[in-house]
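Q: Chain by chain, the residues:
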Amino acid sequence: MSGEFGIGVVVAVVGAGGTLVTLGLVAVLTTVLRRLFPA
Amino acid sequence: MIEGFIAALGGLVHGFAALTPGHVLMLAIGCALLYLGISRGLEPLLLLPIGFGAILVNIPGNGLMDPGGVLRVIYDAGVASEIFPVLIFLGIGAMTDFGPLFSDPKLLLFGAAGQLGIFATLLLAIAFGFPLRDSVAIGIIGAMDGPTAIFVSTKYAPHLLGAVSVAAYSYMSLVPLVQPPIMRALTTKEERRRVMPPTKSVEASRRARVIFPIAITIVGGLLAPQGVPLLGTLLLGNLLREAGVVERLRAASQNEIANVVTLLLGISIGATMQAEVFLRTETLIVFGLGFVAIVLDTVAGVLFGKLYGVLSGGRINPLIGAAGISAYPMAARVVQQVGQRENRKSYLLMPAMAANTGGQLGSIVAASIMLATLAGLGIV
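For the protein sequence lines, the chains are A and B, in the order given. Note that the first sequence covers residues -7 to 31 in our numbering. Note that the second sequence covers residues 5 to 384 in our numbering.
No lab work stands behind these hints, which were simulated from the structure alone. Watch out, some of these pointers could steer you wrong.
A few chain B residues that face chain A, going by a derived Cβ cut-off under 8 Å, partial list only [stated by the list, open to error]:
#1 Val77
#2 Leu112
#3 Gly115
#4 Ala116
#5 Phe216
#6 Ile218
#7 Pro333
#8 Gly362
#9 Leu378
#10 Ala379
Which stretches of chain A does chain B cover? Using the computed rule of at least three CB atoms under 8 Å from a CB of chain B, they are [claimed, not checked]:
#11 -6 to 1
#12 7 to 18
Interface residues of chain A toward chain B, partial, derived using beta-carbon atoms under 7 Å [as the list claims (entries may be wrong)]:
#13 Ala4
#14 Thr22
#15 Thr23
#16 Leu25
#17 Arg26
#18 Phe29
#19 Ala31
Beta carbons are placed, not taken as given, at the ideal position from N, Cα and C, and that holds for glycine.
Next up, chain A with everything else stripped away, as it sits in the complex (with noise of 0.2 Å):
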């Protein structure tokens, strides 16, 4: 059980930390797209 709450909390802390630092590339991404083709 600890075994598994111990990968557990690998794949929490990857998982939450993955998914800031993904959203946070769409959210540059994004911008540049705003900034490369305005409207």
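Following the hints, position chain B against chain A.
A: Okay, now just chain B, sitting in the frame of chain A:
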């Protein structure tokens, strides 16, 4: 001769004779889901077929989920193969307007905060004694995203599919009831009354809107390849919408395909709710943990909103953090209503829609990252 009549009549009463208290309870649950869908209007597109599917499979001797049975064939072809949730995303993508994100891309980050419930609930489920794979499926209820929950639970814990799916769709429909008390409890009156400066409305060019789904698919796919079926079909649907040259395909994706798949998906999920599978203590725990997940999503979103509000010098109303979940556009409307109730001059709908769109992307990204992490750990 008489024996023949008795045997024939026996066939007619077999259903009654084989009825167990478990079947009766599940028939009642099926009827309750129908009531919620039809009379209360809670996610009727899903709760109606799910409720009816639950009724069908709990009539003794129906044979629908036996090998070769009609619902078994549909389930294997569409749910076990993961085709249905993926096709649903095609329709969602065709219906979603990512335009509000172009006005203020930073609001996307609310979509990350709103997924915290997934990961916290994953740990809670393990603490409750669920194996890791089951815990992943339970945690994903916090994505507040039916197709994602179905995709992940089919992959990791198919025996929990019924409970996880029903919890995900039921709680999504309860967003207007669950979120406002949490939003009020975590914010001061002054924060709730805060008027956000009008967002400079930035219309994205057609070229930007077309490149957006292509670029995000490539970047997101490279980061988390296991999530490509989800992210890719969502963004393909969005490309059909924004390209403007495949109107028939866009219309088919968001209408005919989405409608047919929604019906078959719903009835297939209902078919997993057989009494002997569904009526277990673990189902109740799954529902309890699912509720904790959506509460934690809202808590994390609002707290992130408070932090963002401080960092932005008071320009952000923390209520919009509650919209960083996938229930779209319901969560954004809830934020607008709560804000308006406190201050009639407060218009939070546009930034809340941007955060809500971020929540839609965020739930898929969170699931994809989790799948990639598990694959990296060799647990797939």
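Q: Each of the hints needs a verdict: does it hold here or not?
A: Structure-based check of each hint:
{"no.": "1", "hint": "Val77", "verdict": "34 Å, violated"}
{"no.": "2", "hint": "Leu112", "verdict": "4 Å, holds"}
{"no.": "3", "hint": "Gly115", "verdict": "5 Å, holds"}
{"no.": "4", "hint": "Ala116", "verdict": "4 Å, holds"}
{"no.": "5", "hint": "Phe216", "verdict": "6 Å, holds"}
{"no.": "6", "hint": "Ile218", "verdict": "10 Å, violated"}
{"no.": "7", "hint": "Pro333", "verdict": "19 Å, violated"}
{"no.": "8", "hint": "Gly362", "verdict": "6 Å, holds"}
{"no.": "9", "hint": "Leu378", "verdict": "6 Å, holds"}
{"no.": "10", "hint": "Ala379", "verdict": "11 Å, violated"}
{"no.": "11", "hint": "-6 to 1", "verdict": "holds (count 5)"}
{"no.": "12", "hint": "7 to 18", "verdict": "holds (count 10)"}
{"no.": "13", "hint": "Ala4", "verdict": "4 Å, holds"}
{"no.": "14", "hint": "Thr22", "verdict": "4 Å, holds"}
{"no.": "15", "hint": "Thr23", "verdict": "5 Å, holds"}
{"no.": "16", "hint": "Leu25", "verdict": "4 Å, holds"}
{"no.": "17", "hint": "Arg26", "verdict": "5 Å, holds"}
{"no.": "18", "hint": "Phe29", "verdict": "4 Å, holds"}
{"no.": "19", "hint": "Ala31", "verdict": "4 Å, holds"}
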